[in-house]
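There are 2 protein chains.
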Amino acid sequence: MALPKIVVLGAGYGGLMTTVRLQKELNHHEAEVTLVNLNPYHYVTTKLHEPAAGTLPPDYARVDIASVLKQDKVQFIQDRVTKVDPENKEVSLAEGEPLKYDYLVFGLGSAPETFGIKGLLENAFFIRNLNGVRFIREHMEYMFAKYNALEEKRDDLLTIVVGGAGFTGIEYVGELVDRIPELCQEFDIPREKVRLINVEAAPTVLPGFDQELVDYAVEYLKERGVEFYINTPIEECTDDGVVLKGGEKIDAATVVWTGGVRGNPLLEEAGIETARGRVKVDEYLRVPGYEDFFVVGDSSLIFNDEGRPYPPTAQMATQQGQHLSKNLVSLLRGGSIEPYKFESKGTLASLGRGSAIGIAFGKKVVGSKASFLKRVNDWRWYYMIGGLSLMFKKAKL
Amino acid sequence: MALPKIVVLGAGYGGLMTTVRLQKELNHHEAEVTLVNLNPYHYVTTKLHEPAAGTLPPDYARVDIASVLKQDKVQFIQDRVTKVDPENKEVSLAEGEPLKYDYLVFGLGSAPETFGIKGLLENAFFIRNLNGVRFIREHMEYMFAKYNALEEKRDDLLTIVVGGAGFTGIEYVGELVDRIPELCQEFDIPREKVRLINVEAAPTVLPGFDQELVDYAVEYLKERGVEFYINTPIEECTDDGVVLKGGEKIDAATVVWTGGVRGNPLLEEAGIETARGRVKVDEYLRVPGYEDFFVVGDSSLIFNDEGRPYPPTAQMATQQGQHLSKNLVSLLRGGSIEPYKFESKGTLASLGRGSAIGIAFGKKVVGSKASFLKRVNDWRWYYMIGGLSLMFKKAKL
Numbered sequence: 001m002a003l004p005k006i007v008v009l010g011a012g013y014g015g016l017m018t019t020v021r022l023q024k025e026l027n028h029h030e031a032e033v034t035l036v037n038l039n040p041y042h043y044v045t046t047k048l049h050e051p052a053a054g055t056l057p058p059d060y061a062r063v064d065i066a067s068v069l070k071q072d073k074v075q076f077i078q079d080r081v082t083k084v085d086p087e088n089k090e091v092s093l094a095e096g097e098p099l100k101y102d103y104l105v106f107g108l109g110s111a112p113e114t115f116g117i118k119g120l121l122e123n124a125f126f127i128r129n130l131n132g133v134r135f136i137r138e139h140m141e142y143m144f145a146k147y148n149a150l151e152e153k154r155d156d157l158l159t160i161v162v163g164g165a166g167f168t169g170i171e172y173v174g175e176l177v178d179r180i181p182e183l184c185q186e187f188d189i190p191r192e193k194v195r196l197i198n199v200e201a202a203p204t205v206l207p208g209f210d211q212e213l214v215d216y217a218v219e220y221l222k223e224r225g226v227e228f229y230i231n232t233p234i235e236e237c238t239d240d241g242v243v244l245k246g247g248e249k250i251d252a253a254t255v256v257w258t259g260g261v262r263g264n265p266l267l268e269e270a271g272i273e274t275a276r277g278r279v280k281v282d283e284y285l286r287v288p289g290y291e292d293f294f295v296v297g298d299s300s301l302i303f304n305d306e307g308r309p310y311p312p313t314a315q316m317a318t319q320q321g322q323h324l325s326k327n328l329v330s331l332l333r334g335g336s337i338e339p340y341k342f343e344s345k346g347t348l349a350s351l352g353r354g355s356a357i358g359i360a361f362g363k364k365v366v367g368s369k370a371s372f373l374k375r376v377n378d379w380r381w382y383y384m385i386g387g388l389s390l391m392f393k394k395a396k397l
Numbered sequence: 001m002a003l004p005k006i007v008v009l010g011a012g013y014g015g016l017m018t019t020v021r022l023q024k025e026l027n028h029h030e031a032e033v034t035l036v037n038l039n040p041y042h043y044v045t046t047k048l049h050e051p052a053a054g055t056l057p058p059d060y061a062r063v064d065i066a067s068v069l070k071q072d073k074v075q076f077i078q079d080r081v082t083k084v085d086p087e088n089k090e091v092s093l094a095e096g097e098p099l100k101y102d103y104l105v106f107g108l109g110s111a112p113e114t115f116g117i118k119g120l121l122e123n124a125f126f127i128r129n130l131n132g133v134r135f136i137r138e139h140m141e142y143m144f145a146k147y148n149a150l151e152e153k154r155d156d157l158l159t160i161v162v163g164g165a166g167f168t169g170i171e172y173v174g175e176l177v178d179r180i181p182e183l184c185q186e187f188d189i190p191r192e193k194v195r196l197i198n199v200e201a202a203p204t205v206l207p208g209f210d211q212e213l214v215d216y217a218v219e220y221l222k223e224r225g226v227e228f229y230i231n232t233p234i235e236e237c238t239d240d241g242v243v244l245k246g247g248e249k250i251d252a253a254t255v256v257w258t259g260g261v262r263g264n265p266l267l268e269e270a271g272i273e274t275a276r277g278r279v280k281v282d283e284y285l286r287v288p289g290y291e292d293f294f295v296v297g298d299s300s301l302i303f304n305d306e307g308r309p310y311p312p313t314a315q316m317a318t319q320q321g322q323h324l325s326k327n328l329v330s331l332l333r334g335g336s337i338e339p340y341k342f343e344s345k346g347t348l349a350s351l352g353r354g355s356a357i358g359i360a361f362g363k364k365v366v367g368s369k370a371s372f373l374k375r376v377n378d379w380r381w382y383y384m385i386g387g388l389s390l391m392f393k394k395a396k397l
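Residue numbers (full-length UniProt numbering), protein chains in the order written: chain A, 1 to 397; chain B, 1 to 397.
Looking at chain A on its own, in the form it has when it is part of the complex (with noise of 0.2 Å):
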């Protein structure tokens, strides 16, 4: 008798999260779980902007998805998903086989929203994946070491623009302030010549924090010599640096651009109705008028009690993982399937190696010791997923 086929796509938060709760749940021949991902590792989303930025090696945010899985209980594909079926109960892939499903998890990584700003998928960097960051962090570095070696000084050189003041552009610049004294050390370039400027289109940084901590991060890194550009669209993105609403231009030769991401491209292929890509999925997960397809992580919409939709978190797509690995559970052995709610454990938002910002255990903390419980945080995720000798193998590094 064939097994029930769980197909998993993506190992994000979501995706990984689902596959290692079902692989501890679930006994031998009970399902047949598959987990497909474009890369034989998982990265760690939230910590992106470090490798980016250089400030940690890009293997910290990396785990190998064969160290976390049991080949016993989880098949393991490494391919890109090229296509959807829902009707079919089919998943195609660019190198294997077309996949068939009973239960399909879909937790493929979000795409950049660029508001159609002019220029920006072509000309900025995103902080997307391992390649992305490190193509970035050797970017930046080979703009300094090109600024000694020519004999003009092309101060656009040393101008760094991030695009966007949510939460990954306010880390990553975070980063920046601390990285760039080194560069600056190392290439032999007087730290006041480097221009590090944060452009924003809404009203304020980190919309929808806490005022006070907004102002905290605020001080702190124009302290630090950040340059804020708030309440400025960016018009267009050119070759050569930004043009702001208005008419101004930043020469800089280094743009990246946090400023959104949108759902999975493969879910509008696939005929399903999405808000800026992502599902508004029912509250088990699944695509409206499909008992089988369910969706986690970025590519999911799930609204608040107010009706206004969460942001896409780590902390969402890591709960609905482990929630609907529960309820693949129970329906395998007939049982029923609970609703998932999201819960906030706080957020915390770091500011660089030394600080951060955010809500812990319902209180407001900054500095160090936000620092520390935002590392706690990172260390929590490998624990989850690899237990104790990742959690330990990381920590080290």
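By construction, these hints were calculated from the structure, which means they are not laboratory data.
One or more of the hints may lead you astray.
Just so you know, same-sequence chains aren't split out, so a pair can sit in one copy or run between any two.
Claimed, not checked - Heads up, simulated EDC-like pairs for lysine to aspartate or glutamate below, C-alpha to C-alpha not over 20 Å straight-line:
no.	residue 1	residue 2
1	K280	D305
2	K5	E90
3	K153	D79
4	K153	E95
5	K396	E186
6	K326	E343
7	K83	E151
8	K393	E186
9	K146	D59
10	K153	E122
11	K100	E30
12	K193	D155
13	K146	D240
Model the placement of chain B on the given structure of chain A, informed by the hints.
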């Protein structure tokens, strides 16, 4: 009464050695010694291939000039020399006032010799100074990072062409042989994707070297994946590779030219007769026709007993500096001067971290023993200019 003015141009091997010996030998009020250098640091040219490959931190190859000068004996001016005028005994600087001299020591560095190869100056990198080698290292790493960040896999990003199989070319290739596996690991690139190609117009690698040693070096490098194109002139260097004589094109994102150097152009511009920019100095290292104008290092041309020119080396520049400083002291004290004769102490060429080839104490040496002797040689230079403290500081790096 005005003191005799000695002006030393360039803090390379020749200029710096002259200066530190003068400050050691001269008493106060015997002369006014001024050293002019573009950068506030001396760089160890024979080590530049290592930071260029990324195998050693650039700071290993750099010495702060202030740290080896006695300020009460030598005045240091950081500036660019724009002109020497031997008729008026004057040196012009880019920023500061012109300097009058009674004795001039010209030790300014060489310029790349391109042999008229089209596009080389515009498109190739040169192992020439600290800013330049940091640029090479960052460029190479950037290309590796770019490879996986692009959708399309461009093999030219992973192709490195080193033009010239002389001393610097072979030493640089040797470092790259060590460095490339590290880069492959760092950027998730299979080693076999990377091509390292050494192109040489002459019929042999390391012309002038003992054949048995040359064979050892070639074998060692070939085993580690180096492709040699010997007896193959480069016709043109473009922005995307090189065209070889006969028309073969190699697509390469990184082209480093090590094929030769010429003397500093300021000498020709001063109306002095040169051969490839180098001055055939007399036996006292003087420019023919001048009693007070000495040239040391790469811009000086000296012939052996068979009438063939010695290649410009750090060893010779160092000896010239030692010798010239003695002659200058003697001149100041009304004594006579001695002719200079090059005395070879052997030659060692490194093949990366673990191996080298060469002649030491009159014997052929290869492998780790030669590599150790090469390292001792570095230390010796630090000892000569900065004593034990500098030597130990560098040995730790």
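How do K83 and E151 come out at 20 Å by Cα distance, when the copy is not named: within, between, both, or neither?
Result: close only across copies, 18 Å inter versus 51 Å intra.
Alpha-carbon proximity context of K393 and E186, limit 20 Å:
For K393 and E186, only the inter-copy Cα distance (18 Å) is at most 20 Å; the intra-copy one is 29 Å.
Cα distance capped at 20 Å. Does K153 pair with E122 within a copy, between copies, both, or neither?
between (26 Å within a copy, 17 Å between copies)
If the cutoff is 20 Å on CA atoms, where do K326 and E343 land: within, between, both or neither? Let me know, please.
within (17 Å within a copy, 82 Å between copies)
With identical chains treated as interchangeable, where does the CA-CA distance between K146 and D59 reach 20 Å or less: within a copy, between copies, both, or neither?
Between copies, since 18 Å is at most 20 Å while 27 Å is not.
Given a CA cutoff of 20 Å, do K146 and D240 count as a within-copy pair, a between-copy pair, both, or neither?
Classified as both: same-chain Cα gap 15 Å, cross-chain 18 Å, threshold 20 Å.
Using 20 Å as the alpha-carbon threshold, which applies to K153 and D79: within, between, both, or neither?
between (45 Å within a copy, 16 Å between copies)
Under a CA distance limit of 20 Å, which applies to K153 and E95: within one copy, between copies, both, or neither?
between (48 Å within a copy, 16 Å between copies)
From the Cα coordinates, with 20 Å as the cut-off, is the pair K396 and E186 best called within, between, both, or neither?
For K396 and E186, the Cα distance is within 20 Å only across copies (18 Å; inside one copy 25 Å).
For K280 vs D305, is the C-alpha pair at or below 20 Å within one copy, between two copies, both, or neither?
within (14 Å within a copy, 88 Å between copies)
Quick one: K100 to E30, C-alpha cut-off 20 Å, is that within a copy, between copies, both, or neither?
within (17 Å within a copy, 92 Å between copies)
Within a copy, between copies, both or neither: where do K5 and E90 come within 20 Å Cα-Cα?
Cα proximity of K5 and E90: one copy only (11 Å, versus 87 Å across).
Violated hints: none; the structure is consistent with every hint.
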